[in-house]
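Peer 1: The residues making up each chain are set out below.
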Amino acid sequence: MSGEQVQIAAGTTIVTVDHVSLDYHKEKEPLPVLVDVSLTAAKDELVAVTGPSGCGKSTLLRIISGLIKPTAGAVRVMDSEVKGPREDISIVFQNFVLLPWRTALENVVFGLSSRKDLTDVQKQEKAKSALEVAGLSGFESVYPGELSGGMKQRVGVARALATEPKVMLMDEPFSSLDDLTAERLRRETHSLLINPQTSVQTVILVSHNVEEIIELADKVVVLSQRPGHVVGEIKVDMPRPRNKKSDDFFQWVDKVYALLS
Amino acid sequence: MTLQFGLVTLDILSSWIRMILALGLSILFALAVGIWAARSKRAEAVILPLLDIFQSIPILGFFPFVIGAVYSGPLANAVGANLAVIILIFTSMSWNIAFGVYESVKAIPQDYADLLNMSQASTWQRVRSLYIPASMSRIAYNTQISWAVGLFFLVASEIITVGKASVPIPYGIGIGVSNWGNPANPDYPDYALLIAGIVVAVVIWRFLFLREFALWSEKFKMMEEPRESHRDPIMRFYSWVNHRSISKLFLMTHDSGVTRFTSSISRFGKGLKYSVLIFLAIFLLLIVGSAALSGNLSVSSLPSLASLAYDEPGILYALGVSFIRVWYVVGICIAVGLPMGIVISLNFKLYDTVSPILEVISSIPAPVLLPAIVKIPGVGSNAEVVAAIVIFLSVFWYIVFNVMAGVRTLPGDIKDLPQVYRVSRIAAWRNVYIPSALTALVTGAITAVGGAWNALIIAEYFQASNGTVLTQVSSGIGKDITAATYSVPPNYTTLFLAVTSMTILIVTFNLTVWRRLYHRVTQRYAYNR
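Those sequence lines, one after another, are chains A and B. If you count the first sequence from 1, position 7 lands on 665 in the numbering used here, and the numbers rise without skipping. If you count the second sequence from 1, position 417 lands on 421 in the numbering used here, and the numbers rise without skipping.
If you're looking for bench data, these hints aren't it; they were derived computationally from the structure. This structure is a prediction, so every number in the text was calculated from the model and none was measured. Watch out, some of these pointers could steer you wrong.
[As the list claims (entries may be wrong)] Between beta-carbon pairs, the in silico distance windows are:
id, chain 1, residue 1, chain 2, residue 2, range
1, A, S806, B, A111, 23 to 33 angstroms
2, B, G324, A, S833, 53 to 63 angstroms
3, B, A188, A, H683, 50 to 60 angstroms
4, A, V889, B, A200, 54 to 64 angstroms
5, B, A82, A, H683, 54 to 64 angstroms
6, B, E388, A, H683, 46 to 56 angstroms
7, A, H866, B, A431, 27 to 37 angstroms
8, B, R215, A, S833, 33 to 43 angstroms
Cβ atoms here follow ideal geometry from the backbone N, Cα and C, with glycine treated the same way.
Using the sequences provided together with the hints, build the complete structure.
Peer 2: Below, the structure is given as structure tokens:
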């Protein structure tokens, strides 16, 4: 999808979260949500951020996306500071966030709205190929209401991919799906995103499901309870495909649990 | 010059007592009818469609019959006049509360019913220990809407009552408006004081009663419901239409919120036939009864509908004119309310500042303002413009508050979407904001159109206490109805034809156009998946 992309060496840092803090201002008292959070995501890496509920992990993802400005610190993508939503960062939402009044294809085209360099026909072509990559060929003219949860999330992934982002952010992308569907989509995710065929250089995934994290992640960043700060980082160097029933797998899971409790 | 604080207080208190009595009556009625419909399948098939018809017809048009029937014989005095006003307010309040009771009792989990069956509770014990408590939170919730609607009917019916000079009720908001706003004998300082008094009364009442009632009723709640609706006043007052609206039931949608009524809806067709018959029977009884009681019409002279139509062809023309009037004003409301509602709800700060202001303005019943509107230079002399303003002030709120509630209940993520994809403002409105407000807009518009038909009765023809006509349009069904009411003796022929043709038009329109439109819009534009 991205033939013109310059080759980036493996291991190059793509995303840097540099001492990011966030305070909410509620009745003048600043309420700290995130305190001095730093992390990096390198090329071809899938970084998972986890922590107890309310620790601010989804907020962190929104800061990385540029939707929320941090109170202190900065986020950089390849040395350029993130100052607002931008083209090379995409986000996949927990609840899909599809427009029910637009077809699958139109939803993906909507994601390309800001691309003034593309004609409508080119946008359609791009959207079609993104739907194909996400495994939804033949469903272009179907409305979200007629799709299953798993297929809706595939539209969400296609929309995120169509803009050819360097950074793919995923906010609990599987937790609105039933177990079987989530399982199937999860199995595809790594090879779909970390793949020389796509523009995506790195993936940051927020999840509370530890097994899901160990199945997918190269690196796990564990946040504390609110206000969230990094309590530990684990490199998961387990070969793929990972066997969820192996003892090895459970040892990794336990390591994350140890940090969480 | 001294302001008549005492008189203003007396006016507001009298009106409030009428409202409270009507509310009490409405709750009793709602409990009886709602529980009955929920417990008996046969009653359900008849009561539900009947409630819907009553709820969608312009009740104000029936007031002349009510006053004719009640204000006669031994009741041709203050008691009768008050009773007529209370009955009218009751008819504007009760349907909505009855639906609330019905839905609450229907929604009681089977486990509770099993428990009572095990203990072999009597019917009265069930009603007292289960059905009434289970309905309490919905009664409190719907009371807040009914109160706002009731205020409009209160003022309108008081104005009409006092407009018939022979009818003696000395105090009331509508009476004050009618006396002080009269340009032949104006007393504008007291008129202004009355308007201020209404605003104060509405605000105090909300805090002292409606809010306390809602909080108290919370403890009877059996199931988790969205909490936010209780914190945010606008959500509380208007988002009900989106969730479990009566009109929704009327429109036979199969949306998640009403799935539990599917069984009753499947009987709708059969029930509709019965209820139309029952409705016509009640209607005829009312007319014959009122006519016979007031001695203006003997049963033998009761004319047939065909000869009525032959006698007064102008009625259908007036109906057409009013139909256009209703629609162009609702059109203006939409053109203003849709963008305004979206802009306000997308901006949290703006929402917090503007929504209380809108609430206060919306709490003033539009008929109260009519004498002020006719004094606006360049506007007041044009009856068409005056009518449009009064209708606008009566129904604009349904549009703007519904749109605001609709946009506010959208998940935050979808509001982020245009930002994430750096979509232009125009594209964001076209693709996200306007479509996402459409369901709420249509629901609001259904309510607004219903309200506009009621508002016509005052907006098209307004007569002050001494008989001075402040404003009248050249043609309109509301004018025909009001003028026929004021004529001595009341022109029952015109009234009958006007109210019947208007009712038939509205019910037909609801069952055909609105139902289809609503169904189509919720199919595609409801953001709940």
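Peer 1: Each of the hints needs a verdict: does it hold here or not?
Peer 2: Quick rundown of the hints versus the structure:
no.: 1; hint: A:S806 to B:A111: 23 to 33 angstroms; verdict: 29 angstroms, holds
no.: 2; hint: B:G324 to A:S833: 53 to 63 angstroms; verdict: 56 angstroms, holds
no.: 3; hint: B:A188 to A:H683: 50 to 60 angstroms; verdict: 58 angstroms, holds
no.: 4; hint: A:V889 to B:A200: 54 to 64 angstroms; verdict: 60 angstroms, holds
no.: 5; hint: B:A82 to A:H683: 54 to 64 angstroms; verdict: 59 angstroms, holds
no.: 6; hint: B:E388 to A:H683: 46 to 56 angstroms; verdict: 51 angstroms, holds
no.: 7; hint: A:H866 to B:A431: 27 to 37 angstroms; verdict: 34 angstroms, holds
no.: 8; hint: B:R215 to A:S833: 33 to 43 angstroms; verdict: 37 angstroms, holds
Violated hints for the displayed structure: none, as all numbered hints are satisfied.
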